Amino acid sequence: MEKALILYQLVIGYRPNKGVPVKVAGPIDLTMEDGRLNCLIGPNGVGKSTLLRTIAGIQPALSGHVKILGELPDKMKSEKLARLLSIVLTDRIGHGNLKAFDVVAMGRTPYTGWFGTLDKEDQKKVAWAIEMTGITDLIDKNILELSDGERQKVMIARALAQDTPLMLLDEPTAHLDLPNRIEIVRLLRKLTAETNKAIIMSTHELDLALQAADNIWLMTSDHAIYSGTPEDLVLNDTFGRTFTKKGIDFDKNQGIFRLVEPHQKVVSVTGGDPGAFWTKRALERQGFQIVVNERQSNHIDVTSRNNHWQWNWMKDGIDQSANSIESMLQQFTGEGEEL
Amino acid sequence: MFLAILICLVLFIADLSVGSVSIPFTEVIKILTGSHSTEATWEKIVLIIRLPKAISAVLAGTALAIAGLQMQTLFHNPLAGPSVLGITAGASLGVAVVMLTGGGAASLYAIRELGIGGTWLVMLASSAGAALVMGLILLISLRLKDNVSLLIIGIMIGNVTIAIVSIWQYFSSPEQLQDYLIWTFGSLGGVTGRQLPVFVTVTFIGLVLTFINSKSLNTLLLGENYARSMGINIFRTRTLIIFTSSILAGAVTGFCGPIAFIGIAVPHLVRSMTRTSDHKVLIPLCWFVGTALMLICDLIAQVPGSQIVLPINAITALVGSPVVVWVIIKNKNLKTAF
Numbered sequence: 000m001e002k003a004l005i006l007y008q009l010v011i012g013y014r015p016n017k018g019v020p021v022k023v024a025g026p027i028d029l030t031m032e033d034g035r036l037n038c039l040i041g042p043n044g045v046g047k048s049t050l051l052r053t054i055a056g057i058q059p060a061l062s063g064h065v066k067i068l069g070e071l072p073d074k075m076k077s078e079k080l081a082r083l084l085s086i087v088l089t090d091r092i093g094h095g096n097l098k099a100f101d102v103v104a105m106g107r108t109p110y111t112g113w114f115g116t117l118d119k120e121d122q123k124k125v126a127w128a129i130e131m132t133g134i135t136d137l138i139d140k141n142i143l144e145l146s147d148g149e150r151q152k153v154m155i156a157r158a159l160a161q162d163t164p165l166m167l168l169d170e171p172t173a174h175l176d177l178p179n180r181i182e183i184v185r186l187l188r189k190l191t192a193e194t195n196k197a198i199i200m201s202t203h204e205l206d207l208a209l210q211a212a213d214n215i216w217l218m219t220s221d222h223a224i225y226s227g228t229p230e231d232l233v234l235n236d237t238f239g240r241t242f243t244k245k246g247i248d249f250d251k252n253q254g255i256f257r258l259v260e261p262h263q264k265v266v267s268v269t270g271g272d273p274g275a276f277w278t279k280r281a282l283e284r285q286g287f288q289i290v291v292n293e294r295q296s297n298h299i300d301v302t303s304r305n306n307h308w309q310w311n312w313m314k315d316g317i318d319q320s321a322n323s324i325e326s327m328l329q330q331f332t333g334e335g336e337e338l
Numbered sequence: 000m001f002l003a004i005l006i007c008l009v010l011f012i013a014d015l016s017v018g019s020v021s022i023p024f025t026e027v028i029k030i031l032t033g034s035h036s037t038e039a040t041w042e043k044i045v046l047i048i049r050l051p052k053a054i055s056a057v058l059a060g061t062a063l064a065i066a067g068l069q070m071q072t073l074f075h076n077p078l079a080g081p082s083v084l085g086i087t088a089g090a091s092l093g094v095a096v097v098m099l100t101g102g103g104a105a106s107l108y109a110i111r112e113l114g115i116g117g118t119w120l121v122m123l124a125s126s127a128g129a130a131l132v133m134g135l136i137l138l139i140s141l142r143l144k145d146n147v148s149l150l151i152i153g154i155m156i157g158n159v160t161i162a163i164v165s166i167w168q169y170f171s172s173p174e175q176l177q178d179y180l181i182w183t184f185g186s187l188g189g190v191t192g193r194q195l196p197v198f199v200t201v202t203f204i205g206l207v208l209t210f211i212n213s214k215s216l217n218t219l220l221l222g223e224n225y226a227r228s229m230g231i232n233i234f235r236t237r238t239l240i241i242f243t244s245s246i247l248a249g250a251v252t253g254f255c256g257p258i259a260f261i262g263i264a265v266p267h268l269v270r271s272m273t274r275t276s277d278h279k280v281l282i283p284l285c286w287f288v289g290t291a292l293m294l295i296c297d298l299i300a301q302v303p304g305s306q307i308v309l310p311i312n313a314i315t316a317l318v319g320s321p322v323v324v325w326v327i328i329k330n331k332n333l334k335t336a337f
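Top to bottom, those sequences are chains E and L.
Per numbering that gives the first Met the number 0, residue 0 is the first one in the first sequence, and the count goes up by one each step.
Per numbering that gives the first Met the number 0, residue 0 is the first one in the second sequence, and the count goes up by one each step.
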């Protein structure tokens with residue numbers, strides 16, 4: 000079985016009309032298997048879109064080549080490539096008289112005749128794409144009436160109807176709220192599992208990529224690209240190194256990025272989660288360094304009873320307590336009223 | 000569909016019956032079906048004068064509407080149309096070159112005397128002028144993604160073209176000038192029986208090519224990147240659209256003069272009627288609505304019951320502009336209705 004995608008000694012970049020080619024990244028040697036969700040991440044301007052455009056054949060490579068299921072896309076007729084690779088772009092659709100169904104049905108373009116009439120097989124594929132993406136209620140709606148999340152699902156359904164072994168998505172979760180972001184990623188995971196498609200998505204949602212991707216391609220500012228399971232990239236520090244900036248720190252233990260304030264004070268927190276977890280987050284934001292030492296004078300204990308959380312600490316030998324993090328912070332950091 | 004054909008047919012016959020001499024409906028039908036009319040002069044009027052003119056109206060309406068539809072899709076711009084983006088101005092330049100250069104020998108009437116060869120000459124000159132402007136605009140559109148800028152540039156190119164023509168006019172003799180000025184008023188009556196087959200052929204070719212291209216036109220609605228990813232050859236599609244729009248707009252301009260607003264108004268009218276952007280539906284409907292609107296304009300231009308014939312160019316602008324305004328107001332926003 001041919002690999003879904005092979006990048007061989009691929010150098011990506013631009014060829015301006017005048018002057019020398021501008022290299023963006025490479026040489027890249029990567030492969031990708033069927034049925035996997037691959038997230039392409041990296042800081043802004045590092046060349047994620049260029050890589051996707053090069054794989055999609057929109058932009059020529061400076062050197063090296065791309066192989067999709069063992070075939071070279073730039074040597075292929077565009078109609079044949081359209082049966083191997085489908086894309087979801089960030090382009091807005093400006094035409095208002097298109098129904099969602101029409102857009103999904105357009106995915107069958109590479110298979111229909113000159114007039115674009117859908118035969119039985121085409122109709123089956125369109126119906127299947129609509130069902131898989133859960134947009135049955137939307138198909139009669141005008142594409143401009145849809146919310147961003149709904150429209151994104153319609154565009155994914157269109158790519159699905161195109162029925163290609165490889166799908167590229169350029170920031171499919173941009174401009175979406177959290178529930179929609181998670182829904183899109185869940186949908187993509189479902190597609191890789193149930194249809195054995197190879198899916199590559201570029202994204203800025205690092206935490207989402209860490210959770211959802213089978214594999215991550217991490218592009219760094221020094222033109223390199225690292226590939227690996229998300230957890231491996233975290234453990235070997237690749238992830239932290241790439242994204243750590245002044246004031247932002249990657250917490251390897253929890254897989255999240257933190258705003259780093261200069262630590263001035265130390266504090267220890269005990270108690271059950273999730274109360275203790277969110278208490279630590281709030282304190283860190285205020286510039287506290289969390290330490291594990293109960294004998295410290297700065298110590299907060301978080302308790303819960305019947306889902307009511309309470310915060311207890313000592314100040315100048317007197318017991319203090321609060322029933323919300325907000326009031327605890329006010330009293331503990333001394334920014335609010337002094338008791 | 001049946002209703003649309005019926006309306007066009009009724010308007011067509013009405014167009015034949017109205018004019019400086021009023022001919023009853025029934026007589027027109029009699030003449031058209033080949034039987035003899037009660038008055039021999041009516042027969043001559045209908046068959047020799049009014050029939051070519053009515054057929055020209057059908058062809059001009061069809062050609063302009065189809066050219067406008069394709070341009071709106073290609074440019075992703077609801078305001079695109081032969082007259083707005085300077086395509087008609089380009090065609091005028093082509094005609095001016097033919098009419099104003101050759102001296103008296105190449106005047107409009109001289110060209111008519113040349114017969115088919117001369118007809119093709121005007122047609123080719125105006126199509127070439129149209130293609131020149133459209134190609135230029137398209138070239139700029141490759142570098143400019145912003146539609147509004149593109150539109151302004153299109154209007155500017157149109158202005159430059161008009162300026163060149165008027166400088167040319169300044170140095171031309173009065174006789175040549177008069178021919179040209181009459182041509183700019185637009186006239187459906189100028190097409191003679193001998194020229195008609197050329198006009199029919201060009202319009203038919205344009206219509207068929209556009210219809211064949213309808214699948215590609217549909218995918219262009221999602222933008223060129225998506226269209227390419229679905230296996231559409233963008234270069235070929237663009238070239239075909241420019242070619243067909245240019246010959247359609249060029250033919251109409253060459254034969255009937257610069258006719259404004261049909262090209263931009265009809266596609267909007269059709270879209271707001273059908274609420275679809277599917278070219279397989281829009282193309283035949285643009286054909287019918289373009290035909291109907293042009294016939295209505297011609298009927299108005301006759302000023303029924305009088306001896307006056309108004310310039311068709313003025314009537315299409317009078318009818319066409321309110322249509323565009325009405326569509327925008329009705330849909331609140333041209334972009335979403337587009």
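Take the hints with a grain of salt, since some may be wrong.
As the list claims (entries may be wrong) - Taking lysine-lysine and the DSS-like style, the derived pairs with C-alpha atoms no more than 25 Å apart in a straight line are:
1. K79/E with K119/E
2. K119/E with K2/E
3. K140/E with K52/L
4. K140/E with K2/E
5. K66/E with K98/E
6. K244/E with K189/E
7. K123/E with K279/L
8. K98/E with K29/L
9. K119/E with K29/L
10. K98/E with K76/E
11. K123/E with K189/E
12. K52/L with K98/E
13. K264/E with K251/E
14. K279/L with K124/E
15. K74/E with K98/E
16. K140/E with K79/E
17. K140/E with K43/L
18. K76/E with K66/E
19. K119/E with K140/E
20. K140/E with K123/E
Think of the hints as simulated: they come from the structure by calculation, not from any bench.
The model shown is predicted, which means the values in this text are computed figures rather than measured ones.
(message) Checking each numbered hint in turn, tell me which of them this model violates, lowest number first.
(response) Result: hints 2, 3, 4, 5, 6, 8, 9, 10, 12, 15, 16, 17 break, sorted rising.
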